[in-house]
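Asker: The listed protein sequences derive, respectively, from chains F and E.
Numbering-wise (our numbering), the first sequence opens with residue 1 and increments by one.
Numbering-wise (our numbering), the second sequence opens with residue 1 and increments by one.
Please note that the accuracy of each hint is not assured.
Same chains, same label: a pair holds when it works inside one copy or across any pair of copies.
Said to hold, decoys possible - Straight-line distance between alpha carbons at most 30 Å, and here's what the computed DSS-like set of lysine-lysine pairs gives:
(1) K284 with K224
(2) K164 with K101
(3) K164 with K124
(4) K197 with K284
(5) K101 with K124
(6) K224 with K275
(7) K275 with K164
(8) K284 with K101
(9) K20 with K284
In short, the hints are calculated from the structure, not lab data.
Since the model is a prediction, treat every value here as computed from it, not as a measurement.
Number of protein chains: 2
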Amino acid sequence: MRDLTRLILPTVREILRQGKPAQVREAVAALHPADTADLLLALEEDEATTLFRALDAERRVQVFEHLDADQQEWLIGRLGAEVMSRVLDEMASDDRADLFKHLPGTTRERLFPLLAQAERNDVKRLLEFPEGTAGSIMSTEYASVHPDMSVSEALEHLRRVAPKRETVYTIYVTDEERRLAGVVSLLELITTAPSRKVREVMQPRVVSLPADTDQEEVARTVAKYDFLALPIVDAEGRLVGIVTHDDVIDVLEQEHAEDVQLASAIGPTEAPYSKASVGLLIRKRAGWLLVLLVAGFLSSTVISAFEESLAAVVALAFFIPVLIDSGGNTGSQSATLVIRALATGDLDLGSWLRVVGKELAVGLGLGALLALTVTLWSLVWPEARHVAPVVGMTMVLLVLWANLVGAAMPLLLRRLGIDPAVASAPLITTLVDATGLLIYFSLASWLLGL
Amino acid sequence: MRDLTRLILPTVREILRQGKPAQVREAVAALHPADTADLLLALEEDEATTLFRALDAERRVQVFEHLDADQQEWLIGRLGAEVMSRVLDEMASDDRADLFKHLPGTTRERLFPLLAQAERNDVKRLLEFPEGTAGSIMSTEYASVHPDMSVSEALEHLRRVAPKRETVYTIYVTDEERRLAGVVSLLELITTAPSRKVREVMQPRVVSLPADTDQEEVARTVAKYDFLALPIVDAEGRLVGIVTHDDVIDVLEQEHAEDVQLASAIGPTEAPYSKASVGLLIRKRAGWLLVLLVAGFLSSTVISAFEESLAAVVALAFFIPVLIDSGGNTGSQSATLVIRALATGDLDLGSWLRVVGKELAVGLGLGALLALTVTLWSLVWPEARHVAPVVGMTMVLLVLWANLVGAAMPLLLRRLGIDPAVASAPLITTLVDATGLLIYFSLASWLLGL
Chain F
1 MRDLTRLILP TVREILRQGK PAQVREAVAA LHPADTADLL LALEEDEATT
51 LFRALDAERR VQVFEHLDAD QQEWLIGRLG AEVMSRVLDE MASDDRADLF
101 KHLPGTTRER LFPLLAQAER NDVKRLLEFP EGTAGSIMST EYASVHPDMS
151 VSEALEHLRR VAPKRETVYT IYVTDEERRL AGVVSLLELI TTAPSRKVRE
201 VMQPRVVSLP ADTDQEEVAR TVAKYDFLAL PIVDAEGRLV GIVTHDDVID
251 VLEQEHAEDV QLASAIGPTE APYSKASVGL LIRKRAGWLL VLLVAGFLSS
301 TVISAFEESL AAVVALAFFI PVLIDSGGNT GSQSATLVIR ALATGDLDLG
351 SWLRVVGKEL AVGLGLGALL ALTVTLWSLV WPEARHVAPV VGMTMVLLVL
401 WANLVGAAMP LLLRRLGIDP AVASAPLITT LVDATGLLIY FSLASWLLGL
Chain E
1 MRDLTRLILP TVREILRQGK PAQVREAVAA LHPADTADLL LALEEDEATT
51 LFRALDAERR VQVFEHLDAD QQEWLIGRLG AEVMSRVLDE MASDDRADLF
101 KHLPGTTRER LFPLLAQAER NDVKRLLEFP EGTAGSIMST EYASVHPDMS
151 VSEALEHLRR VAPKRETVYT IYVTDEERRL AGVVSLLELI TTAPSRKVRE
201 VMQPRVVSLP ADTDQEEVAR TVAKYDFLAL PIVDAEGRLV GIVTHDDVID
251 VLEQEHAEDV QLASAIGPTE APYSKASVGL LIRKRAGWLL VLLVAGFLSS
301 TVISAFEESL AAVVALAFFI PVLIDSGGNT GSQSATLVIR ALATGDLDLG
351 SWLRVVGKEL AVGLGLGALL ALTVTLWSLV WPEARHVAPV VGMTMVLLVL
401 WANLVGAAMP LLLRRLGIDP AVASAPLITT LVDATGLLIY FSLASWLLGL
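Start from the sequences and build out the full structure, keeping to the hints where you can.
Answerer: Next up, the structure:
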């Protein structure tokens, strides 16, 4: 629970108990809609419903937009579609499309007829864009003006449409066919002579992206140019929407969450930890754990194949954990570096040969360092002295090999059209385990004459 | 290399070879400063210097701001402090402070006298804020107006100061002591009667944060409220700077990079992979690998302590990899979930008991599932059948234990004031290995009567 919510919760509860809508409205008027949304989540269901009903129409929309899709769905269920239809009509187009995307089919069917015709078409159009593309996160409420308008006409137009626009600070100049002709900022408009034409003031070169662009590339582009908003165009170059700076922050946070979950082999989940049930957590985590466990049976088989060598020199078993952990750690380091470089555009597939060359050198360096350490240690340990050369040589080869696998796997996955981040530390560890043990016991059989 | 850069590079090189500054300037006039910066990085050193010299003063500043601190440092070295002093005077205050933070002492001493007095004081003030705080990322170029100004006076003032401000879309209303009295948007100013007072139009409640706030909390606050900019205040509540939406994106990207590096035990580095030398990569990676290797020696010691049991039942060794990998995977899953929940504010230290309770249940569920799988598998494997009960029981206990360690470690680190993200998968794996093996061999000795 947020600090602010904790502070005001008792008072709000008391006012809600007295049940006077005007008082409730007044009490939360001082709050930012985002804080009101936090408050709503902290209240009991009945209290939350009472609070939301007491808000005036405009505030309802603002608060509703700050809730997650499943919280929105819950509220719709509680308040009835009729109460909600105005909220749905007036909310931002991207948030609305997002909500409909998450709603179960039956609720969606029930709500659709309640929307005004224009909003219904808008939702349908936005829902056609696949998840994760620019089209799926863009808003259709951009501000646009015609190049032949005068600056004063443009300003007059903007004042009128502003309440229904996501931003009027970046204004797109479009021709009759809605094709992007330029871009101009509100600042440029208010600091220039009102009689000039928009055409003379606008910047004719506009960075834009097609609606099927991956959302991560959209985020990267906005970050690179420090834009407030990025225009999205269709195949014919017509303006169809904008992605604003706050959408970009949401995309980055979402991609970040996905990346760290993948990196530790957790299935994708949007539910915050505190809200996730034990059952949900087990379901999201068990899948990968089981896959990795079954893949790990290969390691068991490798060891059992060398059962006699192991029985002859039990000291070989002492080093199984440090060897496979070192391989796993090295491989997941190189995988992380390459995944990150691919995600930020620092590397592309064309440079795979350079990556392999670099990681050969790095792997050799790291392998030598780790081998030296483990050899020195096993030499001073009387019970392990006779296996020291085997352990040292295995370490060099294993680290070199694991490092290459870790670096190559994300490149291979990207080449196959799979998210490179799937090459998680646990997956690489498991893959490298069996081969590492094979190297270890083969070397042992050979060097110790087993 | 970016696609656009690749396309224009040959032509730009040709023009640079002809050595006519006017032509160079014209050629890059069409490029966004961010693209010109990309171009500079792709050119040879001499070419880059020629290109930068050919730009006009205003464009130099814009391009320079899009370079990284070490690229900026390199350019200063090439062009001489005298050429650069105007660029330094005119660049955004937060970018300038960032540059000075990164410069080596001698260069800094040499550049300081070249700055105008006001800029010199500005840099000194900003450098006093510790790295990672709101103060260290804020800009001092905010737009502010007085509450008693009329709207038309305010607009006139904004038009005049706009070129020297990071943004004039969010305007802060401050009294004589620079204390925050309210906030108003440019949109509100241009859609209201010019004769009204700012005081009547402004929103008197302003969300602001003190300058010593952690930059991650700043980013979270901007993301929550969808702000363009967040005002930063000193201990007396006086406005000292703003953090803008593009700074927030940079913070998120930086924190993301740090998190994934920590998660796979890589030392923090800002250098992109493609630019990092083999030596740098080895240095950044070797530290943790060595620490983990040495910590792993404990596992070796545990196994050696049970050397006789192992010699009696060699089949016990078959399951060492799958057992310790399962423990490591489970522990790093719960660590990841708790680290993320702490970072997003979804969990705080006060809820540790709830986390432990939840993870006990989740660990038991996952442990039972994995134990069932591994037991079934070892039962159908003739050589391993006699150790199946030991392996199954160890799996339940180990997964339960690893899951708790993974969840508790980030909480403990946060309590000690250490970044919870230090509880990386490799660290948890290594920590759980030795205890897991102890459970395994103790159970084996007891159940098999070794």
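Asker: Next step is simple, just say for each hint if it's right about the structure.
Answerer: Each hint tested on the structure:
Proximity of K284 and K224 under a CA criterion of 30 Å is satisfied inter-copy only: 27 Å between copies versus 34 Å inside one chain copy. In this homomeric assembly, K164 and K101 come within 30 Å of each other (Cα to Cα) only inside a single copy, at 22 Å, whereas the closest approach across copies is 43 Å. Only within a single protomer do K164 and K124 lie at most 30 Å apart by alpha-carbon distance; the minimum there is 19 Å, versus 44 Å between protomers. In this assembly of identical chains, K197 and K284 lie within 30 Å of each other by CA distance neither inside one copy nor across copies; the values are 57 Å within and 56 Å between.
In this homomeric assembly, K101 and K124 come within 30 Å of each other (Cα to Cα) only inside a single copy, at 10 Å, whereas the closest approach across copies is 51 Å. In the homo-oligomer, the alpha carbons of K224 and K275 lie at most 30 Å apart only across protomers (18 Å), although the nearest pairing inside one protomer, at 35 Å, exceeds that limit. Taking the shortest Cα distances, K275 and K164 never come within 30 Å of each other, neither inside one copy (34 Å) nor across copies (46 Å). For a Cα distance limit of 30 Å, the shortest separation of K284 from K101 inside one copy, 21 Å, qualifies, whereas the shortest one across copies, 43 Å, does not.
In this homomeric assembly, K20 and K284 never come within 30 Å of each other (Cα to Cα): the closest approach is 44 Å inside a single copy and 62 Å across copies.
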